[in-house]
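Participant: Residue numbers (this note's numbering), protein chains in the order written: chain A, 1149 to 1475; chain B, 1149 to 1475.
These are calculated hints, taken from the structure and not from any lab test. Treat the hints loosely; a few may be bogus.
Treat identical chains as interchangeable: a pair holds within one or across any two.
[Claimed, not checked] Here are the simulated lysine-lysine pairs, PhoX-like style, with alpha carbons at most 25 Å apart:
| id | residue 1 | residue 2 |
| --- | --- | --- |
| 1 | Lys-1189 | Lys-1442 |
| 2 | Lys-1442 | Lys-1311 |
| 3 | Lys-1343 | Lys-1176 |
| 4 | Lys-1310 | Lys-1245 |
| 5 | Lys-1176 | Lys-1283 |
| 6 | Lys-1325 | Lys-1163 |
| 7 | Lys-1411 | Lys-1245 |
| 8 | Lys-1325 | Lys-1265 |
| 9 | Lys-1283 | Lys-1238 |
| 10 | Lys-1450 | Lys-1310 |
| 11 | Lys-1311 | Lys-1189 |
| 12 | Lys-1283 | Lys-1163 |
| 13 | Lys-1176 | Lys-1163 |
| 14 | Lys-1163 | Lys-1265 |
| 15 | Lys-1189 | Lys-1411 |
2 protein chains.
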Amino acid sequence: MKNFADRLLEAIDEKQNPCCIGLDPRIKNIPQYIRDENIDKYGNTMEAVGRSFLDFNMGIIDATHDVVPAYKPQMAFYEQYGEFGVAAFKRTVEHVKRNGCIAIEDAKRNDIGSTSKAYADGHLGEVELCDATTKPSLDVDAITVNPYLGSDCTNPFVENCKKHGKGIFVLVKTSNKSSGEIQDKQTDIFGDAEKLGYVPQVFTDVAQLVDEWGRDVIGERGYSSVGAVVGATYPIQAITTRKLMSKAIILVPGVGAQGATGKDTIPNFNKDGQGAIINSSRGIIFAYQTEQFKRNEFEFDKAARESALAMKDDITSALKEAGILRW
Amino acid sequence: MKNFADRLLEAIDEKQNPCCIGLDPRIKNIPQYIRDENIDKYGNTMEAVGRSFLDFNMGIIDATHDVVPAYKPQMAFYEQYGEFGVAAFKRTVEHVKRNGCIAIEDAKRNDIGSTSKAYADGHLGEVELCDATTKPSLDVDAITVNPYLGSDCTNPFVENCKKHGKGIFVLVKTSNKSSGEIQDKQTDIFGDAEKLGYVPQVFTDVAQLVDEWGRDVIGERGYSSVGAVVGATYPIQAITTRKLMSKAIILVPGVGAQGATGKDTIPNFNKDGQGAIINSSRGIIFAYQTEQFKRNEFEFDKAARESALAMKDDITSALKEAGILRW
């Protein structure tokens, strides 16, 4: 069973691109011709939405799988549509893997012990059937995890990283404006911030937990399958989190629609030019509707490819400028 | 649109019972005859598991809907099985509502702004179809929410509470052993704990946020549709959280399998005998496999009813002893 961190870093080297595409479908942004085709087949139903998502995603994946190492489908957009959305999610993941790429599920799951195991087994491991045999279910390569409940809840996910060669990305510092309300709370006023080099806050405490949780799943390249999420919108905080969890691969959202630039992502990389994977969602998949990559709706996939190539260029240029580009 | 808190409190009064049943199906604990019937119909598939969950849940609901005001299906156990599990979840929720009871989804969801809206719309509101019309989807009465990401993420859920008469329960202090790792971090060492009456910690900060978030959705009975989760395993902490969010209805897990007793739940109630709903899952739905309520598998529903009545008796006795029983 190959270590997830090794798989991801190899895929990044192979494509010479540390970027992934967020597959966050919104029905109103999907080309009308795809929607119409599915209304014709399935009526104006949730099934038609799920099928439209899948058709759209397959178009994006077919046009970009030689550019990016990974895709990050955001479960919220699928689960919205109940069973039909989840079916589209699963088939999307299958198409990502069929094209030799890595599927990172953004779901921010967690729960207490035995329930957390149900999530970990369903998304990363195997589930029990009626006759007590087991089988993989959603079977993504990695999933994002919320740390609020603590170690005993995250353990079942880490166990499945070991057992099934999977990965997790734990929320450390999220990209949104109010992430600081809880994540930035100072937690150790008596700690020697000057000596530590940082002010202990909830998110730095979580970063330390990530480092601990990841110790048993370090791959041959020295990185752990327990990674973290740090928003590109907080580059200063990223300097600290990068140090506190030096072996974690950091999934970095917030570039593009949320306002961060390629340069803002640099603090999440280590000096070896590794250790981060940068995500962009709307800016790539709906590029055909943007000023910069405008195309007619039948060429949404071509626009996505152009946008993905531009993002690759943006990030690799920033890495080059920082003197840590590997290729 | 009737306020969720009012609906829940009325249902509790009607049944004279502040308890809900957690519908957390595990295939290995479901009667063999149900599994066999579904293997016959659907083969040894995930669909057979989903159908078994639904048959089992309907049996539990049919046998207990006159005893309890609400059910709390835990999404993890359904979602494990992809589209087939989610279909069973949705049909379970429909059966709960058809029987005049309230469906509280335990899913601990949250994400950043626009993605959080997708969750809020899918679970509590309406989703957009291919022709831009909208329709309710999972349509539960309330959902549990994780606060780690802050206000701008929780807002879309609160908006749907207002707009659709729904509720949320925000994780404040979870019932598991390692919940303290993050939730108990002291956050204001310079605060005057003696004057405040408590030590400011992450979970007390979250309790204050819950109080704020809930201010615009207070019903006629003086309670808010923004509730909280506080584990029965932490009765001391519950004294503080009860004070900090006096208008919140507190969903209290941890009784039974997790070791807390009826008496441990009392600090979560207000002096009016309202403001808490106590959950038990395994101890009720799989009562037929316990020493106390042992029955053959064909009578799993009768055992669940007996266990639900015993739980009602346990909690109401504790309320009576505390001098705050309403009925």
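Participant: Hint by hint, note whether the structure agrees.
Facilitator: Status of each hint after checking the structure:
1. Lys-1189 x Lys-1442: Answer is neither: 29 Å inside a copy and 51 Å across each miss the 25 Å cutoff.
2. Lys-1442 x Lys-1311: neither (45 Å within a copy, 36 Å between copies)
3. Lys-1343 x Lys-1176: neither (52 Å within a copy, 53 Å between copies)
4. Lys-1310 x Lys-1245: within (20 Å within a copy, 41 Å between copies)
5. Lys-1176 x Lys-1283: So Lys-1176 and Lys-1283 pass the 25 Å test across copies only (14 Å; inside, 35 Å).
6. Lys-1325 x Lys-1163: So Lys-1325 and Lys-1163 fail the 25 Å test inside a copy (32 Å) and across (43 Å) alike.
7. Lys-1411 x Lys-1245: For Lys-1411 and Lys-1245, neither the intra-copy (30 Å) nor the inter-copy (51 Å) Cα distance is at most 25 Å.
8. Lys-1325 x Lys-1265: Cα proximity of Lys-1325 and Lys-1265: across copies only (15 Å, versus 31 Å in one copy).
9. Lys-1283 x Lys-1238: Answer is both: 14 Å inside a copy and 23 Å across each meet the 25 Å cutoff.
10. Lys-1450 x Lys-1310: neither (38 Å within a copy, 42 Å between copies)
11. Lys-1311 x Lys-1189: neither (41 Å within a copy, 33 Å between copies)
12. Lys-1283 x Lys-1163: Answer is neither: 31 Å inside a copy and 42 Å across each miss the 25 Å cutoff.
13. Lys-1176 x Lys-1163: Neither way: Lys-1176 and Lys-1163 sit 31 Å apart in one copy and 44 Å across, limit 25 Å.
14. Lys-1163 x Lys-1265: The answer is neither: 34 Å in one copy and 34 Å across copies each exceed 25 Å.
15. Lys-1189 x Lys-1411: The answer is neither: 45 Å in one copy and 57 Å across copies each exceed 25 Å.
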